[in-house]
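If you're matching them up, the sequences are chains G and V in order. The numbering of the first sequence is the numbering used here, which starts it at 1 and goes up by one. The numbering of the second sequence is the numbering used here, which starts it at 258 and goes up by one.
Worth flagging that the hints you see were computed from the coordinates, not collected in a lab. Just so you know, not all the hints are guaranteed correct.
[Said to hold, decoys possible] Sample of chain G residues facing chain V (criterion: CB under 10 Å; computed from the structure):
#1 G6
#2 S7
#3 K137
Ideal Cβ placement from N, Cα and C applies to all residues, glycine included.
Each chain, written out:
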Amino acid sequence: MKDALGSVQSLLILGGTSDIALATARRLAADGRTRRIVLAARPSERLEAAAQDLRALGGGAKIEVETVAFDAGEVEEHEKVLGAVFAAGDVDAVLLAFGVLGDQSADEQDPVAAAKVAQTNYVGAVSSGLVCANALKKQGHGSLVVLSSVAGERARRANFIYGSTKAGLDAFAQGLGDSLHGSGVHVMVVRPGFVETKMTAGLPKAPLSTTPDAVADAIVAGLRRGAEIVWVPAALRYVLSGLRHLPRPVFRKVAQR
Amino acid sequence: MAADPDTAAADSSPSLLSGWGRTAPTAAQVVRPRTREQAAEAVATAGPRGVIARGLGRSYGDPAQNAGGRVLDLTGLNRILAVDLGTGLVTAEGGVSLHALMRALIPLGYFVPVTPGTRYVTVGGAIGSDIHGKNHHADGSFAQHVASLDLLLADGSVRTVTPESDPELFWATAGGMGLTGVVLAATLRMVPIETSRLAVDTFKLPDLDALMEKLAGTDADYRYTVAWMDCLAKGSRLGRALLDCGNFATLDQLPAKHRADPLAFAAKPLAEVPDLFPSGLLNRRTIALANEVWYRKTPAARSHLATVAGFFHPLDGLRDWNRVYGRAGFVQYQFVVPFGADAALRRMVERISRAQAPSFVTVLKRFGAGSPGYLSFPTEGWTLALDFPTGTPGLDRLLPWLDEQVLAEGGRVYLAKDARLAAADLPAMYPRLEEFRKVRAAVDPHGVFVSDQSRRLGI
């Protein structure tokens, strides 16, 4: 159960090798109340290593860490794979953290590759998000944390394929949150700016860039106060609010930089 | 036929429930039985996520909620079944409030054996939390005044349990947070009173040492004592407090105008608090100001006659007073440490003051001998109760630090107020937990009775 200060005892991460998700898991486990962490992702050595790292945390209290084979693209399997996680015990918080960036310029010439970005980031999230939402609703409590992105707030020339999948995901998560209002389930949309992770390695840093640990802190703080939308860093809320209202010709110029 | 909200409808949609602190709400199907049969039916058909009884929802945390399961709203079982004016034995259903008991019995010359800081708790809740009051040093906890109770068990049967007939089940149920069954009715030993007024002496104590000394010195002379502490006071004023000490007044202590109706009881909530308060309204500045005003306006020592409501339940004058904390809610923290742990108590008061953690109602009291309940809270020693707005900066560090001090002294925190204790700390705080689990496993082998708190703490 989540406690009065937002600590969670059990955590399910979809996208179990995500830097942001693992930073969040470490941050949550630091208070010694987390007893079960499930990392759902495509099987890999990296995943097992992440699980091993988390087992070592917990400050004396034992944390059960399991890995589950989960592929965002295989939507037919989501009910079965994730259903088993919920059947084994209540989940206090789900972190929907998987996503791929794609390669914008290459993908523009390879529509199938572009569709795969959408398949993972949006379609896979709709399916797994609904499976988790329904399971959370049945247990009458829990938080679903959805990692969106400021890239979804206004599509940019440089990454509109990725951005549009996050726009879809963001809208889906907001609507889902409204549909679950009063059910005991809380949906939190997290909109980080440029985060320095393995996903963005090698890309030029954007202004107001942030780190996985900063996003993790914001998620933990958001869980505590039951926030519905969290911007990281918080100032991006106002930056994006301005950008959203720029006329197209001006935005094209600004976004080019 | 029109739907009757009072029948034990099994198909009602889930409602969001939280404790009085308004933190961590979860959804459950609420069923409000009006008869024992309906209650038994609701338990028998509870489903895989079980059932827990709920009274007036005054527990601060999550013991009376059951996410995804069923919650039995016991306030429909609200009849006083028998009154024996000769012996003072009163039998009441589990959903009868202490307010209702007072309204019915004070005019007849009987008072409840134990009352907490609110009258709006039920008899079932009072037993489940084995509540204490300002008279703990003299009279012990609530369950010690229960002669017998009718307990609805997981299999739908009802067992009459007395401390003599089945001491294990009785003392597992006392303080057992509703996890052994549903208290359908209980017989209480009421306390005879001559008048409905209290002769109160209030002492103003300038610091913690003076307060602790005075509390120790007044216990023998007064049945009811409690100190209201200013937890934000610093330095030489650390722990300054007002100490209220009282006894029920005898007839000859009443002024002439009250003698015609010495047992009058007319308490009712004065005003409803609207749900409009911003979450930050109660903060260190506003509470420090309130504490200052209230400390200064009180003379060094005074004696007066108080009403039951004025002395025992000052916050009941405002219905839904928890709303002043805003929607973010608040966290209560009450611990007890043995009398030898004076230094630790001082350290904790110092840290709370240094952190400037604003507790609006801070109460210090001395407990007498502990209750035999396996999970009952009171044990002999100092008990301090605090409440903090959930958004208080640093609260997530302060409370675990307090847990550590309490554990190191062999103390414990109160489950009826808890909303955030770590499961790992429970066995050390409640050393009789295993005995409790054994009794519970015997009467409820399939774990039908379950609450958010029992899930969280692994009770």
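Hints versus structure:
| no. | hint | in the structure |
| --- | --- | --- |
| 1 | G6 | holds, 8 Å |
| 2 | S7 | holds, 7 Å |
| 3 | K137 | holds, 8 Å |
This entry satisfies every hint, going by the numbered hints stated previously.
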